[in-house]
Every structure is written in C-alpha cells, then in structure tokens.
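Engineer: Given chain A, work out where chain B should sit, using these hints.
So the protein lines, in turn, are chains A and B.
Okay, so the first sequence: first residue is -2 according to this note's numbering, each after it adds one.
Okay, so the second sequence: first residue is 3 according to this note's numbering, each after it adds one.
To be clear, the hints were calculated from the coordinates, so they are not data collected in a lab.
Hints may contain errors.
[Unchecked claim] In silico lysine-lysine, DSSO-like type, Cα no more than 30 Å apart, as pairs:
1. B/310 - B/196
2. A/35 - B/154
3. A/99 - A/171
4. B/270 - A/86
5. B/196 - A/99
6. A/55 - B/160
7. A/68 - B/270
8. B/153 - A/99
9. B/156 - A/53
10. B/199 - A/99
11. A/35 - B/274
12. B/156 - A/55
13. B/232 - B/199
14. A/99 - B/46
15. B/274 - A/53
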Amino acid sequence: MSSEPIERRVSYIGDRLRGSQCSICGKEYFRTKDYCGKCGRKSFGKMEDIDFFYEKGKLEVCTVVREPTNKFTKLGPYIYGIISFHDGKARVPGRLTDCVLKDEEIDISVLEDREVVPRFRRRCAAGQSDIVPTISLAFSFADEYYPYQRHEITKPKKEYETPGIVGYGVYVSKFRIKEGAIERSIPFIDEDAITAAVEAGKMALLHAGVDPTHIGKVYVGSESNPYAVKPIASKVAQVLKLGEEEKLEGVQSVDAVDTEFACKAATSMFKDASALVYYPRAHIPYAMVVGTDNSQAAPRDELGGELDFFVGYGGSAFIFGMRDVIAEIEAWYSCTSDTPDFWRRDLEPYPRHGGRFTGDPAYFKHIQKAARRLMEKLRLQPSDIDYFVSHQPNVRFPIRVASELGFKEDQYSAGLQVAKFGNTYSGSSPIGLAAILDEAKPSERILIVSYGSGAGADAYCLMTTDQIREKRLRQKFTVKHQCESEHIEYVNYDTYRRFKLGL
Amino acid sequence: MSSSYPAIIGVGRTKFGEHYEKGPEILIEEAWLKASESAGIERKNIEACYSSDYFLQLTNKIGIEEGFISEFSELHVPMEKTRSFSSALLNACNAVQSGKYGIVLVGGVEKMTDRWDKIRDDLMLLEDPWSYYAGCTPEANHELMLREYIKKYKISGKSLETLNLALAHIAVKNHHHARMNEYAQFQSEVSVDKVLKERLNARKSLGLYDFAPISDGATALILASSEIAKEYGDAPIWVVGSSSATDYITFPSRDDRTSFMASTIAMKSALKMADIDTKDIQLAEVYDQSTLLEMIALEDLSFSQRGKAWHHIYQSCKDYEGFYEIDGRRLFVNTNGGLKADGNPLGATGGAQVFEIVKQLRGEAGNRQVRSDSELRYGCVLELEGFGTKAYVHILARELK
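Chain A with its partners taken away, still in its complex shape:
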C-alpha cells in the first residue's frame, strides 16, 4: 500500500536530488534545509537551493547486494554504494542501474572512484494498484553509454518569425534484443514510460539550452502510461522544473497534460505547441512535447503476440519556440478517420490489432493522404524534400510508403531507425526526426508523417536553419550514439520479457 503524502515527499526530494547550500560557509546538504548546522541562526534565509540532477558524482565505496530487501529482489544482484558530489561536499546513497551482474567475481575496487551520473528510475517494486515509486538515487558510469553533460542555460541570440524546434532529445535504454535483422531497445527493469519521458525531456533541455522556467506547457504523449489515471506530464514538469517554481508549496507554474492517440499522441501536439508559442497573448516562450512508450505487446504465444517481434522502448522530447530555432515549421496537415485497426481496452495489459487492417486501409491510407495533401498545400514535389520520415511499426511499411510517395532511399534512410530501436510507438517517427536533425545541414526540408492507430496521421514540413550546426555541439547523446555505442548490451528473450514487465 502506498502512502500518498510519503510518496509525494520522497519523490519531490529524490527525483530531482534536491538539496541546500549554505551561502556563508559553502556547506552542502542532500535534502533541503532552512539553515546550516555549522553557521546556525545567521544562516536563516541564506540557504540556497541546489540539486544534483545534472551533476556528476563519484562512486566512493561500494558493495554487491545479492540479497536485497523485499522490494528490490526483482533487480537481481546490484552494486550499492556511497556517491559523493562536489569533491565530497555532499554524499548520498545510491545503486548502480543499467547493470546486469554476471555470475562471476566482481572486483569492486575497479568500480570505486569512478564518475557517475544520476538516472531517473523506478525506486523499487510496488503493487499493481500502488503509486509508482521513483527516485534519482540510481546511477550509471559517466564514461559509458549515458554520458555526463553539463547543463547550461544560454541567452537566446536570434528571434524568428515562424515557430519551430528549439531543441530536442532522445532517450533509448542501453539494452537491446537482436532477432534477425532487427534490433530493439528494451527498458532496464527499473524503467518505464515515465522514466523515459523525464530522460528525454532532460536531453532536450541540455540540447536547447533554454531556461526551463520559460517553458509554459508540456505535453506527454503515450499509450503505455503505467497509470490509467495520473499524468506523466506532471512528473516531467516537476522533475525538470518546468515553468517558474513556487518553492514554498512545490508547485510549478506550467500547464502539463498527457495526450493519447496510439503512436501519434506526441506528433499531434507539435502544432499545438507551435501555435501556443506563436500566440502573442499567451506569453509562453517555449512548449515541450514528449513522446514516450514502453511499447506493450503480449507474449508471443498469446493473442496479439505478433507485436512482440517489433516493440521497442524509448522517448523523445522536442522544445518549440521562436528563439534560436533549428528547424522552422513551414506547414502541417492532419487527417483522421474512425478506423479501429489497433486498440487496447481499459484494464487489458496488451493491445490487439486487426491483422490485415493495419496495412492498406489504416497505415498507408492515412500517411499517404496527409503527406500528399501537405505537399499539395506547399506546392512541393518529392524532389523538393531532403528528408522523409514516417511512422515505423516495422521495416517494410515505412520503406513501402516512402516509395509509393515517390521518395528515394537517400531521402528516407536517415530517418529510418526501426531496425535499431524497434517500434517505439509515440516516440517512433519523432526519433526518426531526431536522427535527421542530428545530421541535417542548414536550409534543408524535412517531411515527417506520423501515424496513430484509430486512426490518423500528422504531416509536418520543417525547414532547418543556420543555428542547427552550432547547437549540435551541445548534445553528445545523439541517436547515432544510442545506436552505435560500444556499451550497448544485448539480452536474450527471457531477460527481455523480465525487463519489460518491470519492478
């Protein structure tokens, strides 16, 4: 059973690793404090809020936990230790995550004194009807898959007349399953759609360099929220401190909402975010759109189990605004029809789909309609477009739809990521878009067409700006890195199912 007030307090501190620093003597504390124990009365009102969310720590000492307490048993053996920040000014307990310990001797002395980065994860196991406990006292090595990156807020240099993408981030776990020609990303056992949303949002903030307090709205699109009722967006807003923070009550001045439309839950909101930042009276400089999914699929021998060959895990986040834009939105077109090609009823753990329906009358029809209408609207030919990317439920569909629309391989190959990550549902076409933005030159045109079962498609035409190059230097955790990192770890089918089921 969860205690709601306890969960609120532990998450509020633990998700962001909030602390305090005495501005008189410099002493740092994990957990917020109104005064400094060293300086006493005179330090009242002189404590500054700090947090270790973007910081780099050091694993000082550690041990292997092979017999965890009840709520940690599903993790298997793990490394637990003491992490110090700022040369020992503050110390916290922490567990290494993203780490599958083999059944062999572990020399802990080679792990000690290495640099680590906090990761936002599920804290421990919880019952099906309990609050999902989260924490950032989980860490991974800074020189491995997930690099340390300095969080820096930069002053905007240039105003644009058209809204567009200001920054973006992709988060895919380091674990993969490889079957035939397709590799798929899978969550570590302490990950889910919530954790990927926060990590993707963090990456977008690192890339954009915008002041998070200037983000006025966050949309999170997902179809695998562990909650039927309770938004992921509120977690993203609180952990990433979006909007002005009212510290006394721990409230963020930001609008946060979850959206759902199968795999287009996020892309649908690109236009809303753009419109919002464009609307002069809104006074919202930036809006964030996150697409996240721990894509669900029944086990292979069950009904709907064919999806189990394609589902992935990951999130993407895009920040929209009118300053320091890297890709302007030229136009969009969306279409919708009531086509029940894929669904998941309330209380059902896995979705079903209508077999042949998912192809021609669903996927192809809507994507082609949206793409053609948008090109007509802009009087564009396929040859006027440098990059084409569509929703990627498998390898075949996006290639076929691209060819039928008249695109060549060099136009669609950059965005084709399904063979690396699987179908990441709400994150699918956005991750393709991110891969394109990772390598596009200035003044290149991108056509992205998402698809959501149910059914509908959103097409956007984007034009890259000169600033795309300079901002690229800010992000080391690129899509390419997440495909090619030497630290990617492959697991077998049983481990994949275990990780997928989670804590």
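Structural biologist: Relative to the frame of chain A, chain B by itself:
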C-alpha cells in the same frame, strides 16, 4: 555524588533464539520473574517500569506493550517504553538518581523471527530510510564501512589479509564464548575456515558468520537506589557511568564513516561520569552486529588507537586465551558470545550485555568466568540503535570508589 549511584540488584533473561510458541509477553514475563527472584524483591516493591523493544509494534502488530506488562504483573505503576534496553536503563538511572523512585524494573523484549518475511525491510527502513530507498540492505552498510576503513588506512596486500583474518577470529572467539553460555542462541564452535568459506559463498568481505542473527528473547533487571541496594542484594553492581549520544540517520552523510561518532562521545561522557580512565575497564560488552562493529567498537571506546584494533585482535586471537591483549593489558570482550553468538533480539540485547557484566563482576559467570590477572572492578556496555545513529554506554562497577 558517588553515594547516589543506582545499583543493579537482580538480573534475568531468557534464552535467545527462535521461540516459535512464545509470544513477546511470555518472554518478558519469564525474564522479569527471574530478575525479581534474583533480587529478592516482591512485585509490590516495583515503583516504575522502563521497558524497551525496537519495533515490536511494527513487526508484530501488537498493542501498547506497557498494557501487557500491566496485565501479567498486575502493576499499575508508571511505565515508559524505549527502543533499546540501554535507553530504558539510562532513563531508569536518571529517575532513580533524581530520587523519584527507589526500585525500578527495566526490561526489554523482541520477537523478530515472527516476521522472517519482512524483518530486513523493517530493519533497514528504521536504520536509514534514504539508504533503503536507494537499495541498501542491513548488511550493505557494514560492507561499505569496511571499504571506507580499508581505504582510509590504506590497507592492502598482506595487511588486508590479516585484517580479514582478524575479523574472522572475532566470530570464532564469540562462538567459543557462547558455548559456555547456556542462554546463547548458538552453542557451537566455528572455525576460521568456516567463516572464510561463508564469505566465499557470499562472495563478500563479510559473510554469514560475520553477522549477528535474527533472534527472539527478553531480558530484565531490577535497579535500586543506593540506600535500598545496600538493604537488598549482597552484591549490588553499581551503574557509575550512564550516557548516550546521537548521530545523523543517513550513514553516507556522516563526515567519518569509519567509526561511530556517537559511541566515541557516549564513552567519553560515561568515563567522565564514572571518574575513571579507559584503562580501568577490564570487561566490555560491545555491539557486534557484525564482526566489523566489534573491531570498530574497540577504537570508538578508545581501547585501541584508530586504525589499529585489527592488529590487537589478530595478535590476541592467534592463540586465544580468553581476552584481547592491548598494550599489555587484558580486555575481556563479549564474553557471553556477543550479539554474534549470544543472539540479537534488538530490544532485549542490551539486557543480555548488562547481564553478562553483572555476572562477571559478581564472579557468578560459572565456567565462562574470566581469568583476570587483577581483581575485576569495572565493565562497560556499548549498545547501538540503528547503524550507529544512537549509542549508549554504561559503566558498571563491583564496588564504589
């Protein structure tokens, strides 16, 4: 001042271990009756009661413990409940010394084996919630402390082997003592090889035989003011030092993680209160929740210098003669088998430690009576709550100065 010291006039305890058929109230009753009998007092003489259990309400979901004690003892006197036996004793000493009560019952009980299913979770949660959230276990903090110790004193190679052996010897020694203790949970010898083998099995620096077990048990004593003590027992044991100290609950946030600051502070003030020196103490019951903590306690209580206790332990245990030899002096440590082998029913543990010192000082310890080269005068008891979050030190004396 010295004339106002309170005295222990009777002690009693149950066997530690698993008491499947007995509820906590049965255990405390048994311990209390034994203590009363040994003191030669009547039920009606008791003016107040201080009882302790660490987390009985949480683990066993029982009601207000004092109510149970009232029901079986048919006493309606003031009763206070604390977390550890030493804490109950300290409060009782304060009350008796203030002149409020003449005869006080101090008791402790724990029934841990009732909750094998979740006892480690509860232990960890009470020990340090933030570490629990991060995945810590009750054993992991001991491992981390050992790593910190090894790194701080730059112990490696041959020295590290010796340190590891010294810790193994502590387990062997405590099991050896427990064989002569009829109340002890474990009554079998272990060998260094066995301790090391369990470490290998666990693939850890501390293994099964390095940790105290989970236990059920109860302990009690009768504390009396100095005037009354002179009337009753023929051999009152005086509580000449009684002190406690407190440290941060989050272990990683403590400045020094190779010692327990609370133990050091508590020992200093207890010595001051007793007006004696560390060297005057011949017997010590220390809180060996793990073998490591016995070693750390020797340093915290200033018997050994910092970073040196393992040398003293190793040298003394090569040919163990029943005591640690530190700078030419004999120190008898955990002669009841310690928490390791006597057992560790948290709320009752301190009572067993006091029980042992009382028996030894009175010369009533039977075949485990220590062979001291001088007359036994002082013994001390260190009890911890949590992972060094609280420390209590009591100094007991055979005779007043």
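Engineer: Determine which of the earlier numbered hints do not hold for this structure and return their numbers in increasing order.
Structural biologist: Structure breaks hints 7, 13, 14 and 15.
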